[in-house]
Every structure is written in structure tokens, then in C-alpha cells.
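Participant: Protein chains in written order, with numbering that gives the first Met the number 0: chain A, 0 to 272; chain B, 0 to 272; chain C, 0 to 272; chain D, 0 to 272; chain E, 0 to 272; chain F, 0 to 272.
By construction, these hints were calculated from the structure, which means they are not laboratory data.
Intra- or inter-copy, both count: the list cannot distinguish identical chains.
Okay, derived cross-link-like pairs now, BS3-like style, lysine-lysine, Cα gap no bigger than 30 Å in a straight line:
no. : residue 1 : residue 2
1   : 124       : 35
2   : 69        : 113
3   : 175       : 156
4   : 161       : 175
5   : 222       : 113
Nothing here was measured: the structure is a model prediction, and the numbers come from that model.
Number of protein chains: 6
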Amino acid sequence: MLTSEIEHYLREDIGYNDVSCTLVPDREVNAVIFTKEDCILAGLDVAMSFFDHLGIDAQTQHLQGDSLRKGDVIFSLQGSSISILRAERVVLNFLGHLCGIATLTRRCVDTVRKFSDARVACTRKTTPGLREYEKMAVIAGGGDPHRFNLSDAVMIKDNHIKMMGIEPAILSARKKASFTQKIEVEVESTGDALLAAGLGADIIMLDNMDPDAVKDTMASLRKAGIPEHVIIEVSGGITPENLEEYARTGVHVISMGSLIHRSRWVDISLEFM
Amino acid sequence: MLTSEIEHYLREDIGYNDVSCTLVPDREVNAVIFTKEDCILAGLDVAMSFFDHLGIDAQTQHLQGDSLRKGDVIFSLQGSSISILRAERVVLNFLGHLCGIATLTRRCVDTVRKFSDARVACTRKTTPGLREYEKMAVIAGGGDPHRFNLSDAVMIKDNHIKMMGIEPAILSARKKASFTQKIEVEVESTGDALLAAGLGADIIMLDNMDPDAVKDTMASLRKAGIPEHVIIEVSGGITPENLEEYARTGVHVISMGSLIHRSRWVDISLEFM
Amino acid sequence: MLTSEIEHYLREDIGYNDVSCTLVPDREVNAVIFTKEDCILAGLDVAMSFFDHLGIDAQTQHLQGDSLRKGDVIFSLQGSSISILRAERVVLNFLGHLCGIATLTRRCVDTVRKFSDARVACTRKTTPGLREYEKMAVIAGGGDPHRFNLSDAVMIKDNHIKMMGIEPAILSARKKASFTQKIEVEVESTGDALLAAGLGADIIMLDNMDPDAVKDTMASLRKAGIPEHVIIEVSGGITPENLEEYARTGVHVISMGSLIHRSRWVDISLEFM
Amino acid sequence: MLTSEIEHYLREDIGYNDVSCTLVPDREVNAVIFTKEDCILAGLDVAMSFFDHLGIDAQTQHLQGDSLRKGDVIFSLQGSSISILRAERVVLNFLGHLCGIATLTRRCVDTVRKFSDARVACTRKTTPGLREYEKMAVIAGGGDPHRFNLSDAVMIKDNHIKMMGIEPAILSARKKASFTQKIEVEVESTGDALLAAGLGADIIMLDNMDPDAVKDTMASLRKAGIPEHVIIEVSGGITPENLEEYARTGVHVISMGSLIHRSRWVDISLEFM
Amino acid sequence: MLTSEIEHYLREDIGYNDVSCTLVPDREVNAVIFTKEDCILAGLDVAMSFFDHLGIDAQTQHLQGDSLRKGDVIFSLQGSSISILRAERVVLNFLGHLCGIATLTRRCVDTVRKFSDARVACTRKTTPGLREYEKMAVIAGGGDPHRFNLSDAVMIKDNHIKMMGIEPAILSARKKASFTQKIEVEVESTGDALLAAGLGADIIMLDNMDPDAVKDTMASLRKAGIPEHVIIEVSGGITPENLEEYARTGVHVISMGSLIHRSRWVDISLEFM
Amino acid sequence: MLTSEIEHYLREDIGYNDVSCTLVPDREVNAVIFTKEDCILAGLDVAMSFFDHLGIDAQTQHLQGDSLRKGDVIFSLQGSSISILRAERVVLNFLGHLCGIATLTRRCVDTVRKFSDARVACTRKTTPGLREYEKMAVIAGGGDPHRFNLSDAVMIKDNHIKMMGIEPAILSARKKASFTQKIEVEVESTGDALLAAGLGADIIMLDNMDPDAVKDTMASLRKAGIPEHVIIEVSGGITPENLEEYARTGVHVISMGSLIHRSRWVDISLEFM
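Throw the hints in and build the complete structure from the sequences for me.
Facilitator: Structure representation (C-alpha cells):
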């Protein structure tokens, strides 16, 4: 995390005149950060950035993505009591939020694994300012981060197709994209899926199709013999509740904005020893 | 919102080489942003900051805090198609997240109103970087933002009391706090609540007490005749599910981190006309 | 102090091509910073931020707020000669300015103490960019920092009252303010002071009243039996010269913009050993 | 002024939750900014930056450096009441501070003009963060800004001379300085002044000499026939009180840190019409 | 370009006390920016950012990538003389540098086109801070920007292979990369190229091979029947001088750091009318 | 280099999801940075800023400005393999670019030295964002950095003279410039050169004159007996190719934008040991 970001987050929580920290003597103390719920661990690096910045010694036995049980200690801390009090809220807010995302992701991945080896991916529906950290939490949960921003891969969406037609849009993209970028096309019908595959799309995203329509499209694509490297993704309205049905369709990637926008914070605490 | 923040959020979503925006001609278009669920509106100013920055004309019939029905239009937009496409994801991410908080807050406020006029407040458990916007969303929902940071008011917490004793901590705070700041004391027993009130605390926060213990403490405080301006707050483990019980206790303020960390995004969409 | 601020202040003084620092060999040296006038010490933390950033070892025997005599050493420094030469001007500018404020504040506090235990407070008339440091210097001098910004407490000023009427303004503020914020009302007559007290203001500020008018208003308020926790503040045109008269009025707080805008720098020097 | 600086100064004064601005309706209003004391005007551009940023129309009849009488209107403003209330304190703090510097500078320049056409210059003793604006205020007052930072010109100071000897230091500077930079040498004796002149210094600064010593040195330098373009500056301990004596010595430049560190704010007010 | 970047570049050139701009009256003027050499146009958007920021009206008849002849006017400007003088140097520095890159790129693309439709790409050898603009200039010249940073695509380089072995490295990358990212493998032998292709690399980069070795490897790969979507890139030591030989090898992409690090500025001037 | 700049440059090259660095284990390694061509060393401090920031131990036997032979080691590095991989490209890009400038500068200085001791200076034609580093590279090469920005010295250019006339422009500049600044006048004829010298210009810049015209002007100026401290500079269209002719003219300073805009990167590599 950039120095300026660390300082920005601390300043947001501390303000300019924290009287409470002057009430107690500053002394060397020990503390632990532990989880009050089972969860998947994420945000380790983020937390370490704050500890390093504030000169707090932090030890952990765990790795990003570890499965923790209620009561497990995430960090053992040693340092100035004022520094630890100042790091506390910001670090716990990050950990609670990011572990929540990793935990929901892992649950979704586990659901899918029963039926398929499809990847579970998040989308660009991320909390403003935190995309990098949230996508890393999805990875910690076993998910795929999808593209980080509009420049990572070229996605031809419904609006592009409406304005251009699908064929001109794909041909234009193939010309304008760097050879290092994949081209993804969002389609709403089996016909467009076949067309996109034929025109050289690397990824075909089936948008807002119900599981049966997805299955039909997959069958048509297989029958048409599309190249092996073409990836079929499904997206739109997929939640932990209906995930199983999509997992059974045989697609390669299942994208869920809900990994982030329906996640809840894990309850994580700091306690002085 | 600061110019640098607007640009930071846009850059996070766009990156450095957005090929997709070069696929279509840039032209003047109309679009609407509407909600796909009933919700309480928040984030109006945040959205307007992006529209202003990008030269998009945005009209709205609504105010922060309005109660919207599924299908209601939040903004009518007119502007360059590329600008609207670039604002789309960031603005929707803000609106979805903030309306989610306002909506949950309003639901909790409505629950409380059946029994009491207690304020429903959020806490410092906020998403890093977004505290200002999330607290404004709580206000839009009818809640109280509580203090924005450690410097806004002086709160004497369990760790201070452990290290200092309650009486020295309060006396020290009264000396060190500005006369413009309130002093809040976090207590875990009726005895400490009475002690804090006697020593001049402005706000007494009953921490992690169950509803019955809260009621008992309220009775003791009333009996002891604490000054009228002293505010009793309850906090710790309060959720939409157990809120009613706390609303019946007669406290003045009910604080819930869950207004933010259990909220879900409202489903809000942008559509070209 | 934020890293970016430290670097900003250093860059302001150094520029991009400091030839003078290449004229001499860089070597480990000792130096002292001492005061050439009696003063109250402020800015210790600010100075330490620069020394830490530049890797200079700085020792001090003093605390923020200490009363120093002409010739007293504030810091003993050890480090690279170039680093010390680069820190010199910025650190001395901060110390001279902030000790000047602390010294004037202490003088005013001492004047008041002869007659009353009223607090001496500064205002929002602070040097742009330095409010945090100047308010800390006022605290070092024994003063009260007053609110740090418009969001710290709610102040209803003459313009609000003109536009709204005093009663609606106070009622609106009570509804809109967080329960963690105090409400202060600026009044110009005894009648309004009584009205504000009756409507639940936490702080009543008597604006631009002469000492006799203040005394009369205090008498009326006492006679009306306003609640004990209500604080009476006087502000407007109070200088070190007329301070004694206000100190005799019995108000709780005396606010003086002049603590900052009439202060003079203390003459502080750095000398190589 | 940079956008980020404008926003930084506004944020410092406003904070995150300015309830007071929600108490009154936002409407188009007129206001004036006027001086309550005779003064020299400075900070016009700084003030305009804030008005432009906030969309406030500001008209002025005056120029930087104008001599104003008590009651003179500096700006006539028209704009949103909330915007004007938000600009008010920051703009007045800048104007009060900068006009104070310009006014003291003009007074010193006028004192000098009775005896000589020497320039009155400030030094690097400036308020951290505000050097640019303070130096512009000195120019408004008729003074010379001296160098803005260590890189603007090469100054060989006492510490350089102690470590290197005066001759090697000057020779090294002549080699290392860009041909676009002047070389200034700080001397404490007539002998060193002559030596520096002989070695090609562009500016010779007589440091901490009393007026008689300055006169003697000037006589020796004239007698030695130093080149016409060499400038003689005097600096160290010069105040408005002893300025006349230095003005009589015939030096070309009189430098006074006190232009800034002994200035007092001019009392400037904003009033709604 | 971000507001903060625009202001940073202007500040770099202007500094804090530009006396020269006060020598002339500020008035509305017309000016043109024209090229003194044949060139390919790049940097149009960059230049417009500065004109917009400074309120200068700028008209152009040209598009990014246009082929200009000596004397062609790039921009017709109208605005304040001081604003134009302040934009002048920064804008010309950008245009000269970026048109230089576009011009060299176009020359290389034209060379390649005689023999093949291979893409000519730049690399990560770009001027620090200017990668975005330089890559856009390469695109203007008809080249491919390659990846913008380490996160855009996964490249397995010699050091990775040394430490891991080629097979484990590719398998690990396929697992860890997002499905939206291509995987590129840098190889130094025909054997490794075949191995990488077999393991599912999307792009195979032949590193530092001479043209004959490249031809042999291409033949082997064709013979082995690697999938059609696999892209063969050649990189390392390719200059405008030896480019033709590589263009004859039949590779799909020719990468040249020299597009940037051997380019020369085009001579572009601003003239007042 | 400022922390924010270091982090900005690293972020530009790394992005948000560098999968490649997760492919290999992070371990302590040794590496060297060496030059593959003879060159003059520049950018040492810049490189050290990155190594320090990333905790890489870097040792060097060389100084800024040293003449290196092909194969010479510039830095021996020890540190985390991931940190070194992340620093690699940014540091090499800086070193390649800056050594290229220093090397061309040294070649030009050596050319001039055969005929004269004139200084070889660069101009304000520098890569946006890198002026400070490029000017330091010119110094490393033995050149003169000329002014860093418009505020360093006052230059009266053709446009000022067109609008004001040469005499009023110089007189105005003498009044408005600080006594610490030199005044430079750009002239296109011998007559104007004489006029400028007579009016007190410190530097006279002969703009776009051919070598013979320069010689004639020099002769006229000598004959007119201009003061010894006045510096004659020649600028405009001077390249390494025609430099010798200008070196023979006897001017004091030869300014060449081409030191920067015609330089080529030196080929510098990093190799793990």
C-alpha cells in the first residue's frame, strides 16, 4: 500500500486532536488480533502495511487464504500502546471487510467444485477505492479477480453492439487491441455466441441467461466446434442461492458481483494481553 | 468530493488504455439511472460530483433520503456517450453501496420508532476511505452519524479505564478536552454508569449489555437523578434482529456497526434511451 | 506530520538544485537548537517529524509547554551535516512561529488566572495550512483549542440567526446535529442569551460585548438559573491589553483570535558545535 | 494556486460534516469584503483562486499593492450563500495575514526612502507552506522577495566558510553554480567583504554588523573600487525600530526577517448586504 | 490527464516567481503551433489538456496519427498572452517528444509492411512517468503498445525459468493468472518454444535470437502444429537498422525498446500571429 | 526523490496484480547492474532512492559523472528477489535515459574544450516531469543546467521585446526582478546586444545566429568595452555536429536543447548472480 494511502486511512480515523490517546501513558504492550467467527483470511498484506508504518511488530502463523476457526489468532502484536490503539480500528475495518469477501468467495467456490472446475470470478462492482484489495480478497477465497479495470482486457458490451453491430465491433477490437489483451464479447443469444466465437473472441460472456439457456448455448458451441482456448463465462444475477444451477451448466467461468456487494464483515477483534 | 478523489476513483476503474471506448463513436446521448428495488436514496452529491467533473448534465427529482420505489428514475443524464460510459460503473458502485446503507438505516429507524424516539447511530466501523460518504448515507436514512473520527469527541474506552481507573480517566479528560467537545464514557456495569454520570460525563455508553441489563441500568440512573442533558447510549452486538428489544429499554441512542457492515448494495442501473 | 507534508515543506525551502550543500563535505556533526529569548515551548513533535525523516538523532530534555529561559537548549542533534543544514530553516521557522503562539497564550492564561479559572481559547483565525500545529501550540501554552473546523461542533452565528430567527435555528440544529456534538449559539444581547439557554444550547457565546455588558448578561443568566453544564463564552475584540477586564466578568471561556494573529516569532537558533 | 491546495485549505476549515451550513437555505446573495484598518493590499490572487473554485463572482477596484483606508471595500461578491460562508474564513485568514505583511513592508520601505533607495528584502524566515504567498505580499508592499529557496541563488554562509575557508568556498561556488545564478557571500568583517568582492562574489552580505561597522565597511569597499555591479546587503537583527540607522549606511539591500515574523494581521471582514 | 498532473508539469516549468510574465501586458492573442519537420502527429490529447486547463481555445484540423508535412499547423490558439506563454514550453516538450516516437514507430511499421503484417510493439523501456503517453504515441504511429505494466499480462521471463523450470512456471502461471489475462513465455531456444506452446502459452517470445534462429524456430513451430491463436513475438536488440531482417522471419510481433529510447524529438514551434 | 514520486514510478510499472512475482519464491539474492556500453554515469541518487525505499542494499564504487567502460559494474545489489525484480525496470529506465544525457553532454563538453572554456548548457527543452533529473545528468556530464524554471532568472525573450521594445523591457525587468536574480536578454542583432549590455543585462543571449555572426557580435561587444561580468550565451539550432564552429567564437556559454532531445539511452542491464 502506498505511504500516502496508509496515512490517508489513518488520518480519516484519527483526525487532528485525538485527546483520548493523551489520557493514558504510552508504553510497550502486547496484543492479539483474532477472529470471532470461522472465516477465510484475507487482507494480511494490508494489515502489515499499517503495522510496518507505525513501527508495530506483528507476527502471524497464517497465510492469505487460510481457513480460520472461531478464536484463531491472526496477529500477535508488540509495540507502543498509542500506536496499536491508532492502528486498531483501521486494520480491523480492513480485515473484517476483506475476510468477509474471501469467506463468501470460498463458500461459492466450494459450491461450484461439487459440479465443475469452473472459476468463480468477481466483477467491476467493487467498493470505490478498494478494488485492488477486494480483488485480492477474492483471490484469497479461491476466486478469479477478473479484469481490474477497463484497460486490462477489451470487453465488447451490449452498448457497443447496439451502436456498431457485433461483427464490426469485434473486427474493430481485434485491430485496436494490443496482442497482449484478450477480447471478450458479451452476448445475449446463442446465435451471437456462435458469431463471436467465429470472429475470434477469446472470451464469450453469456449475459443474464437463465441456467437452461446457458446449457443450450454451451451445447450449440460445442457442436459448432469452437476452438479449445475460447472461454465461456456466465454473468448477471448470479447469487450464492442460484449458483449451483449455473455450476451444472459446464461454463468455464461464473462471474458474481455479489461476491463483494452481498458479503458481510467477519467479526474480528483486537485485545490487549 | 475533492478533484483528486474524483480522478482517483475514475482512474481506478478506467486504467490507462481503455480500448473499448474507442470502438464506438462519441456522440451526445440520453440515459437514465434508476433503481431496480425499493430503497432510500443516498449518494446524490457524490454522483453529482462525477457528472460535473465529466461535463454530463444530470437532472434529478429527488432529494437525499427520499424513499424510492422499484423503477424510479434517480437521474436523467445528457452528455457524451464516452463520458457517460466512463462515469457509469463508479457512480453505480457508489449509489448501490450508499443506498444500501441508507435503506438498512431507515429500516432500523422505523423499527425503533415504534417504541421510542431513540437515535439510531452508526460507529467507526466503516469502509476505509468512505467514512464521510457512509456517514452521510446513515444521515439520509434518518440515523445519527456519531463521531467522524477520534478527535470529534473524547471517548473513554475500556482500555483507558483498565490502565487509569475510571475516575482519573474522566477527570483527566475533562481537563484535556476542549470545552467544545463532549466526553463519552464506555461502561460495562451500572455502578460505573453512575460513577461516570456523577463525574460529569456528557454521554454514557453501555457496552455489550443485554437488554435487561440496559433496562436495569436505566432505572438506576433515573433513580439517581442524573442531569437531564446526559445521554445514554447502548452499543455492541446490536443487529436489525435484536434491535426491537433495545428500542424498548428507553436509552437515547442505539449504535449499530451493522448499519454499514451488514448492509447490501441496492441494485441500481444505467440505461441509454 | 504526514510524509507528504514533511517533504512538501522541505522542498519549499530547498528547491531543485541546492548548490550550496555541495560546497562542503558531508560529515557527521553535532549541533544544538536553543532559544535566544524566554519562551514557552511548542512544536516539539513537528520538529521531531523532520529529524526522523532525515535520519537526524535529536535529544531533548523538555516537554511541550515547558517554560524556557534565554539560552536553554531545546534539541541536541547528531547527524549528517547536509541533513542538518537542510532541516535547519524549516524547523526553526516552525519552532519560532509555534513557540511565539504558546508564549503569548501562556501570558494571557497567566493574566486570566489572577481573577478566574476561565479558559483562554483561540478561534478559527489561524494561518492557512497550519491550524493543527497552531492549535497544538495554544494547548502547549495552556489554552483551549476551540473547535478545529466547522464540523467539530455546531455554531449558530449571526448570519444564521438573521436568516432563520434564533429559535428555529436552534431547534433545527438540535435535530440535525449528532448527539456527539455540542451546539453553540452566538448572541449579541442578554435576551438572546437567555433564549438560547432555554432552548438547550450547550455553549452561549457573547459576541462583541464590552466587559460591563458581559457582567450584566452573566448576572441575568445566573438569576434565570440556567443549567450548570451550559458554558458561557465571550469573543470578539479581546486582546492581551483588555483581557483583564474580561477575566473579571466570570465567563467560562475567553476566546481570542489574537493569540495567533498578534503573536510574534520567538528567536530560536541552530549552532554547530 | 493549485487545485489541490485550494481544496486542502477549504477542507482544513470545513471538515467532513458541516451541520451549520444545512441550517439555512442556500440562496444567491451579495456580500462585501472590506478592511477595518488602513493597510496595503496583498493576497488578491489568492482570494480570487478561492472565489473561482467555488463559483463566486468577485469584483474588485483595487490592485495588489494599493494603499487602502479603513472601510474600503476590497471585493464585492455575488454567489451562493453556502459557498460564500465556506470561503469566508479561509479567504479572510489569507487576506489578514498577507495584508499585514504588505503593510509592514510598505512602512519599512517608506522609512528607508527618506534616506536611500536601498531595497528592503525579506528572508527565508517565512511561515512553512506559505513562502510563495508571503514573498508576493512583500513585493506588494514594495519590498524585494530575496531568493525563494536554496536553489535560487548560491549563498555561502558562515558554516560553509568555517568548514572550507572563504577563498576555496567562493572558487568552488563559481565552478559549481550555473552561469544563471548569482553568488552571494555572507561576511562578518570588512576584510572578508573585500576578499569576497575580489574573488567575484555578486552579492556581499554583511551579517549582524551594527550600523557603524556597516558604514566603515561600505567606505572600505568604495575605496577598494569594487565593481559597480556588486551588491552590498545587510542582514541580521534589523527591525522597524532600528531600520533608519541602517538606511543611512548606503547599502543596496536591507534584509529583514521581521517583515514576516513581526507582522500582525490586518482586520478584514466579510459582510452580507 | 489528471488535474494534479497538469498542474505539476506547469509548476515544474514556471516555478514560484515568474517575473518575465509581468513585463508584458496580458491581452487576447492568436498563435499557431506548427511542425518544422515532416512527422507523425501524437500527443493531441495531452496538449488539449493543457489548453483546457488554462482556458485557451485550441482548434486543430488533425487527428492523432496523421502524417504532417514540414510547416503544417497543428493547433490554432486564441487566448490570454500570459496563459499561452505559460503553456508554450510544456506543450512543445510533450509534442516534440511524442511526435518523435510516433514518427519513428511509423517508419518501422512501414519497413515491416513491405514484408509482413507483423505488429511492431514497444516494451516497458519507457521514460519514467510518461509510459501512458509514450504508448499512446506508439499507437499513433501504428504500433502496438504491448502491456502497460507487469499486471496487464503474465510474462514468464528468464529469471522465473531459471528459478522454477519452464514447465512448473507455466503451470503455476495458468493457475494463478486470471482467465482474462494472456500468458507469455520468454524463450531462448526452439525446444523451449515448442514446450511453451504445448503447455498452453498464449504468446511465445523469442528472446535475443538472430534472424536465422528466429526463422528456424518459426519453421519448427509450424511443423509442430501449434494452435492458431498462439502468437510468436521476437524481442531483444532489434533496431530500425536490422528490422527488415526480422520482418522477413514471419513472426507475428516485433518488439523494439528502441521505438522510445532511440527516438528524437520532432522540432515543433509556437508563433504569435 | 519524494516518497510519492518513488511510489508513483513503481506503481506505473507494476500495476495492481503482478502475477509473475508470485511464480517464484521470494529469497535473498545478489545481483549487479552494469553498463553494456562506454558511458558517463548519471542517476546514481535516483537509483539509490528506489533501492532505499525497497530495502535493497546497494553498493557502488562510482560517483556521478564517472567515465565508465563497457562491462563496468555500477551497483552490486543484495536483497529480496521480488524487490529487485520490481525495482529493475524503473531503475534501468532512469539510468539508461540519464546516462545517455550525461554521455552526450560530456562528448559536447570535450568538443568545446579543444577550443575554449565555454560552458555547455542545456535549456528548458526537457522531458516533462524529469527536468530535475535531466539537469542533474547534464551537470554529471560536465554541463551547466541553465535555469531550472521561469522563476530562476529573468529572461527577456523575443515576444517580450516585440510587445514592449527592448529598452522598456530591460528597465522594467531591472525594477521587477529581485536583486538575487540575473537578467538575461535574448537578442538577434549586434545592435541589440550592445543596447542590452549598456542597459545592464547580466547575460546576453545571441539567438539563432550563425557562427560568423556570433564572431562579429563578440568583436563589437569587446570593442564597446562591456563590463567583464556580462556573460555572452549563444543558443538555437546548435547540435553536436555544428558545435565546434560555435566553440571557436569565444562566447561564454553554448546552450543546446539537443543535449536532451537528441540523446539516446545507454544500454544498462541487471543480472542475478
